[in-house]
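All chains, please: the whole structure from these sequences, using the hints.
Numbering (full-length UniProt numbering), first residue to last: 1 to 466.
No wet-lab data here; the hints were simulated from the structure.
Model, not experiment: these values are computed from the prediction.
Where is the CB? At the ideal position from N, CA and C, for every residue including glycine.
Careful: at least some of the hints might be erroneous.
Claimed, not checked - Cut-off 30 Å, straight-line C-alpha distance, at most; resulting in silico cross-link-like pairs (BS3-like, lysine-lysine):
(1) 2 - 36
(2) 50 - 3
(3) 268 - 36
(4) 3 - 206
(5) 450 - 340
(6) 2 - 127
(7) 274 - 263
(8) 33 - 2
(9) 274 - 340
(10) 16 - 36
(11) 3 - 58
(12) 127 - 36
What the hints assert, rightly or not - FRET-style restraints, in silico, Cβ to Cβ:
(13) 457 - 437: 24 to 34 Å
(14) 103 - 437: 51 to 61 Å
(15) 340 - 409: 37 to 47 Å
(16) 237 - 437: 44 to 54 Å
(17) 457 - 298: 24 to 34 Å
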Amino acid sequence: MKKILYVASECTPFFKSGGLADVIGSLPQYLNKTKKCDVRVILPLYKQLKEEYRAQLKEVMIYDTQVGWREQYTGIYEMEYNGVHYYFVDNEYYFNRESLYGYIDDGERFIYFSSAVIEFIYRGDFKPDVLHGHDWQAATAVALCNIKKPVEGIRTIFTIHNILYQGWLMHSAFEELLNIDRIHFAGFEWEGMLNLMKAGIFHADKITTVSPTYAEEIKSDYYGEGLQWMLQLRSPDLIGIVNGIDVDDYNPMKDSNLQVNYKTSIPKKRENKKSLQQELGLSVDSNVPMFSIITRMVEQKGLHLVMAVLEEFIQQNVQIVVLGNGLYEFESYFNYLANKYPDKVHVTIGFNEGFSRKIYAASDFFIMPSLFEPCGLSQLIALQYKAIPIVRETGGLKDTVVPFDIYNGVGTGFTFVNYNAHELLDKLNEALRVYHNTESYKVLIKNISKANNSWAKSANQYLEIY
Numbered sequence: 001m002k003k004i005l006y007v008a009s010e011c012t013p014f015f016k017s018g019g020l021a022d023v024i025g026s027l028p029q030y031l032n033k034t035k036k037c038d039v040r041v042i043l044p045l046y047k048q049l050k051e052e053y054r055a056q057l058k059e060v061m062i063y064d065t066q067v068g069w070r071e072q073y074t075g076i077y078e079m080e081y082n083g084v085h086y087y088f089v090d091n092e093y094y095f096n097r098e099s100l101y102g103y104i105d106d107g108e109r110f111i112y113f114s115s116a117v118i119e120f121i122y123r124g125d126f127k128p129d130v131l132h133g134h135d136w137q138a139a140t141a142v143a144l145c146n147i148k149k150p151v152e153g154i155r156t157i158f159t160i161h162n163i164l165y166q167g168w169l170m171h172s173a174f175e176e177l178l179n180i181d182r183i184h185f186a187g188f189e190w191e192g193m194l195n196l197m198k199a200g201i202f203h204a205d206k207i208t209t210v211s212p213t214y215a216e217e218i219k220s221d222y223y224g225e226g227l228q229w230m231l232q233l234r235s236p237d238l239i240g241i242v243n244g245i246d247v248d249d250y251n252p253m254k255d256s257n258l259q260v261n262y263k264t265s266i267p268k269k270r271e272n273k274k275s276l277q278q279e280l281g282l283s284v285d286s287n288v289p290m291f292s293i294i295t296r297m298v299e300q301k302g303l304h305l306v307m308a309v310l311e312e313f314i315q316q317n318v319q320i321v322v323l324g325n326g327l328y329e330f331e332s333y334f335n336y337l338a339n340k341y342p343d344k345v346h347v348t349i350g351f352n353e354g355f356s357r358k359i360y361a362a363s364d365f366f367i368m369p370s371l372f373e374p375c376g377l378s379q380l381i382a383l384q385y386k387a388i389p390i391v392r393e394t395g396g397l398k399d400t401v402v403p404f405d406i407y408n409g410v411g412t413g414f415t416f417v418n419y420n421a422h423e424l425l426d427k428l429n430e431a432l433r434v435y436h437n438t439e440s441y442k443v444l445i446k447n448i449s450k451a452n453n454s455w456a457k458s459a460n461q462y463l464e465i466y
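Printed below as a string of structure tokens:
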């Protein structure tokens with residue numbers, strides 16, 4: 001049985017800032033259920049760990065980790081949860097903070113974390129066959145693993161979840177933070193600085209990313225964020241594997257957040273719509289189509305397109321429900337719409353997991369017109385809750401949403417190609433027409449009900465790589 005160590009900076013249900021946490025929280029569980037490998041996960045021990053989990057931690061070992069000329073305390077704790085063995089790296093100087101990320105020393109924090117992981121492999125009883133690092137925060141662990149070889153024959157995989165975030169540091173950080181020979185400097189250096197993601201790409205035996213389309217996109221100048229030619233060089237080792245979700249968790253049949261549980265029943269789904277309309281003060285009418293947006297309010301999510309056309313679209317008999325937070329530009333725009341059209345638009349600034357599931361269950365359509373989207377999990381959750389996605393054909397959105405063809409009855413959503421507001425408006429209007437065409441709408445819901453958004457296929461692809 002292959003032994004795999006996942007190195008990551010977040011994981012549900014312990015710590016979450018985005019989709020990375022969902023992947024690390026669900027994929028190892030699915031892989032372990034196959035009985036074909038033993039996947040374990042190592043994470044930073046942030047202060048955000050809830051007491052219910054902290055009480056289950058057992059101390060494994062204590063040692064010092066070399067970070068340049070300094071020796072930093074490292075404590076390793078462990079617990080088991082849902083069939084997965086988790087390790088946590090304790091260091092209050094680096095991880096006892098109010099947020100997971102966003103600090104001037106983030107580069108140092110995750111170089112320390114990666115160095116502590118390699119030291120743990122040397123000292124611990126679990127000797128992985130494969131170290132699998134995720135995103136730039138774990139890229140140094142991949143690099144150091146291939147440089148230091150803490151286990152004879154150990155291999156490495158580096159997964160790019162979002163190439164936009166790379167982990168940049170000054171050249172001086174090489175001597176100040178990394179205890180390796182200067183001969184390895186070129187593997188970290190990029191465009192006059194150190195780039196940790198580049199180091200992961202350079203050193204990994206295999207590179208994966210979170211959808212086949214994104215794997216191709218990031219080799220281009222437009223999507224590659226400056227690393228495209230490095231990815232072109234590593235192209236034979238670059239594999240796109242689309243993410244899945246935990247379909248037992250995201251299950252409208254047993255989700256306790258919902259007013260009415262359902263599988264494919266449109267009348268039962270619409271009971272959830274009426275309940276949410278009442279809760280939010282919208283006009284209560286289950287026949288009014290509800291469009292939702294659940295997102296980080298950043299440019300990546302295509303919100304400039306939404307701003308260009310949404311007010312025109314809501315002159316029709318529709319409702320819009322928005323949940324998320326981010327840039328002031330987008331928050332203030334949605335608040336403006338909610339104030340101007342209180343019976344049609346409701347906006348909640350912030351995020352609440354249970355409330356988001358209520359919205360998915362109540363929504364007829366889910367809007368996600370991203371500028372770029374490595375994989376995206378929101379559209380997969382929307383499909384689970386029978387909220388029809390309206391997306392731009394980029395990255396994982398292209399790989400997971402099949403354009404609906406009203407004439408031959410195939411497809412699972414509405415898609416458009418160009419980053420163009422009028423194309424988005426066309427698809428919003430097309431979705432509205434299908435909604436009012438009862439037979440076509442039923443066909444579309446039936447198609448969505450057959451979609452498999454679990455880890456089944458993707459997990460087998462990871463097993464093949466391992």
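Hint-by-hint comparison with the structure:
{"no.": "1", "hint": "2 - 36", "verdict": "holds (7 Å)"}
{"no.": "2", "hint": "50 - 3", "verdict": "holds (28 Å)"}
{"no.": "3", "hint": "268 - 36", "verdict": "violated (39 Å)"}
{"no.": "4", "hint": "3 - 206", "verdict": "holds (16 Å)"}
{"no.": "5", "hint": "450 - 340", "verdict": "violated (39 Å)"}
{"no.": "6", "hint": "2 - 127", "verdict": "holds (10 Å)"}
{"no.": "7", "hint": "274 - 263", "verdict": "holds (17 Å)"}
{"no.": "8", "hint": "33 - 2", "verdict": "holds (13 Å)"}
{"no.": "9", "hint": "274 - 340", "verdict": "holds (22 Å)"}
{"no.": "10", "hint": "16 - 36", "verdict": "holds (28 Å)"}
{"no.": "11", "hint": "3 - 58", "verdict": "holds (21 Å)"}
{"no.": "12", "hint": "127 - 36", "verdict": "holds (16 Å)"}
{"no.": "13", "hint": "457 - 437: 24 to 34 Å", "verdict": "holds (32 Å)"}
{"no.": "14", "hint": "103 - 437: 51 to 61 Å", "verdict": "holds (52 Å)"}
{"no.": "15", "hint": "340 - 409: 37 to 47 Å", "verdict": "holds (38 Å)"}
{"no.": "16", "hint": "237 - 437: 44 to 54 Å", "verdict": "holds (47 Å)"}
{"no.": "17", "hint": "457 - 298: 24 to 34 Å", "verdict": "holds (30 Å)"}
Checked against the numbered hints given earlier, the structure breaks hints 3 and 5 and satisfies all the rest.
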